Amino acid sequence: MQYLHNIGSYFLMLAEMFRKPTKWSVMKQLILKDIDDLIIGSLGIVSFISFFVGGVVTIQTALNVDNPLIPKYLVGFATRQSIVLEFAPTFMSIIMAGKVGSFITSSIGTMRVTEQIDALEVMGINSINYLVFPKFIALMLYPFVISIAMFLGILGGMAACVYGGFSSLEDYIVGIQTDFIPFHITYAFIKTIVFAFLLATIPSFHGYYMKGGALEVGKASTTAFVWTSVFIILLNYLLTQMLLS
Amino acid sequence: MIEVKELQKSFGDAHVLKGITTSFSKGKTNLIIGQSGSGKTVFLKCLLGLFEYEGGSIAYDGKIFSKLSEDNKRDLRAEIGMVFQGSALFDSMTIAENVMFPLRMFTKQSKSEMNDRVDFVLNRVNLADAHHKMPNEASGGMQKRVAIARAIVNNPKYLFCDEPNSGLDPKTAIVIDNLIQEITDEYQITTVINSHDMNSVMEIGEKIVFLKNGFKEWEGSKDTIFKTDNEAVTDFVYSSNLFKKVRKMYLDENN
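Chains as they are written, first to last, in the working numbering: chain A, 286 to 530; chain B, 40 to 294.
It should be emphasised that the hints constitute simulated quantities derived from the structure, not laboratory data. It cannot be assumed that every hint is accurate.
[Unchecked claim] In silico EDC-like links for lysine to aspartate or glutamate, alpha-carbon gap of 16 angstroms or less: (1) 318(A) x 136(B); (2) 84(B) x 400(A); (3) 308(A) x 110(B); (4) 305(A) x 114(B); (5) 305(A) x 109(B); (6) 305(A) x 110(B); (7) 84(B) x 403(A); (8) 308(A) x 114(B).
Since we're looking at a predicted model, the values are computed, not measured.
Go ahead and model the full structure; you've got the sequences and the hints to work with.
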C-alpha cells in the first residue's frame with residue numbers, strides 16, 4: 286500500500302513540477318547554479334572513472350581474447366562497444382545516482398528538516414517547481430557528461446592497449462572504427478536522457494517528502510540511491526529490448 | 040484582522056483542533072500559548088495554509104482562505120511574513136540575499152530599489168553590517184533578526200512567528216520580543232506569535248489565546264492573565280515559583 290502511495294505521490298510531484306512556474310529571473314539563476322553543482326561538479330570524477338575503467342575493459346578484453354585467429358583490432362572494437370553501449374550511459378548513471386542523487390536528496394531533505402521548504406510554501410512559492418525543475422533542466426545537459434565519459438573511456442582503453450603492449454595504435458584505431466553503427470550513439474543518448482530524468486526526479490522525491498531529522502536525511506539519501514539504481518537497471522533492460530532487439 | 044471560526048483539524052484518528060473560535064486584531068501582538076501537544080503548531084500551520092483543515096473557517100480581513108482561488112491564495116500569501124522557530128534562512132544565500140528573496144519573487148523593483156529596501160530593513164533590525172555574512176556565520180539572535188527582516192521586507196499585512204525566542208538567552212529574547220512589538224505597532228501588522236515563553240506573555244501579550252487539548256481554554260491579555268482564576272491557565276503560566284511570586288505581588292498591589 287505504501288508503495289502505491291509513493292508512486293502516486295511521485296507522479297503528482299512530476300505534475301506539480303510544471304505548475305505555477307517560478308519567476309524566470311530567479312529560475313535562470315537556479316538552473317545555472319544546478320548546472321554548476323550537478324554537471325560541472327561531476328566532470329572530475331566522471332573523467333577519472335571513465336579513463337581508468339576504459340583502460341581496464343581493454344586489458345580484460347585483450348587478456349581474454351588471445352586466440353591467434355582473432356584479429357588484434359577486436360580489442361578496440363570490444364572496448365568501443367562496451368563503453369558506448371553500456372559503461373558510459375548505464376554504469377556511469379549508477380555512479381551518478383550515488384554522487385548527484387545523494388547530493389539532491391540531502392540538499393532538499395535538509396531544506397525540509399530546517400523548514401526552508403515551509404518558508405517557500407508560506408511565501409506562496411511552488412516549492413516543487415522552485416527546487417526540482419532547475420535540477421531537471423540542468424540534468425538535460427547530462428548527455429554532455431556521458432559524451433565525455435565515452436571519449437575518455439575509449440582514450441583510456443587506447444592508452445592501456447598501446448602502453449600495455451596488447452596491440453598497436455593502428456589496430457586499436459581500426460577496431461574502434463570497425464562496424465560502427467551510428468544508431469548505437471542515438472540509443473546511448475536516448476538512455477542517457479531517460480536516466481537523467483530519473484536522476485533528477487527520484488532523489489528529489491525522496492528529499493522532498495522525507496520526514497524526521499538529520500538521521501532520516503541520511504536514510505533518504507541511501508533509499509534514493511537504491512531506487513534510482515533499480516529504475517536505471519530496469520529501464521536499461523526495457524530500452525535495450527525495445528531499441529536494439 | 041484574522042477571524043477563526045470553529046476550526047477543526049485531525050490526523051487520522053487524532054483530533055488535534057476541536058472547534059477553535061477566536062480573532063487576532065490588526066496592530067496587536069497576539070500570542071497563542073499552551074503546553075506541548077496542545078495544538079499550537081497545528082493551529083499556526085492551519086492559519087498559514089500549510090495544513091488543510093476539515094471544519095470551520097479562517098478569514099483574513101473578511102477573505103475566507105479556503106474559498107479563495109489558487110491565484111488569490113498565492114496573492115494572500117505574498118502578504119504574509121513568517122518567522123520560523125529555527126529561522127529557516129536559505130543557507131545557500133547571504134543574509135542580504137535572504138532578505139531580498141521575497142522582493143525578487145514578488146515585486147518588479149529594480150536592483151537598486153531592492154538594495155535600498157534591504158538596507159532599510161536590516162538597519163531596522165540592527166544588522167546594518169551583516170549583509171555579506173552567510174546564515175551559518177550568524178548567531179541565533181542574529182538569525183532571528185534576519186528572519187524578522189525577511190518577513191517584513193515586503194510590507195506584510197500579517198506576521199506569524201513560531202517560538203521566536205526558542206534557543207535564545209533571556210536578554211536577546213527580550214530584544215526580539217520588543218522588536219516584534221515595535222514592528223507590529225509601527226506598520227500596523229496583524230501579528231500572531233506561537234510561544235511558551237512566559238516572559239513574552241508578560242511583555243508583549245496584547246491578546247493571549249490559551250489552548251489545551253485542542254480546545255481554546257481561555258483568552259485574554261497580559262493584564263487579565265494575572266487576575267484569571269482559570270486553573271488550567273494558572274497551572275501553566277504560574278508553574279515556576281518566580282511567576283507565582285510575581286502574580287502574588289501583582290494581586291497584593293491591586294487588592
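If you draw a straight line from the CA of residue 308(A) to the CA of residue 114(B), is it 16 angstroms or shorter? Holds, because 14 angstroms separates the two Cα atoms, which is no more than 16 angstroms.
Within a Cα-Cα threshold of 16 angstroms, do residue 305(A) and residue 109(B) meet the stated pairing? Satisfied, since the Cα-Cα distance of roughly 10 angstroms is no more than 16 angstroms.
For the pair supplied as a hint, residue 305(A) and residue 114(B), confirm whether the alpha-carbon distance does not exceed 16 angstroms. Cα-Cα ~13 angstroms, so holds.
Verify the proposed pairing of residue 84(B) with residue 400(A), using a straight-line Cα cut of 16 angstroms. Holds - the C-alpha atoms of residue 400(A) and residue 84(B) are around 12 angstroms apart, at most 16 angstroms.
Take the C-alpha atoms of residue 318(A) and residue 136(B), compute the straight-line distance between them, and say whether it is at most 16 angstroms. 15 angstroms, holds
Is the hinted pair residue 305(A) and residue 110(B) satisfied, with a Cα-Cα distance of at most 16 angstroms? Cα-Cα ~9 angstroms, so holds.
Would the pair residue 308(A) and residue 110(B) pass a check requiring their Cα atoms to be no farther apart than 16 angstroms? 15 angstroms, holds
Taking only the CA atoms, is the gap from residue 84(B) to residue 403(A) under or equal to 16 angstroms? 10 angstroms, holds
Hint check: no violations occur; every hint is consistent with the structure.
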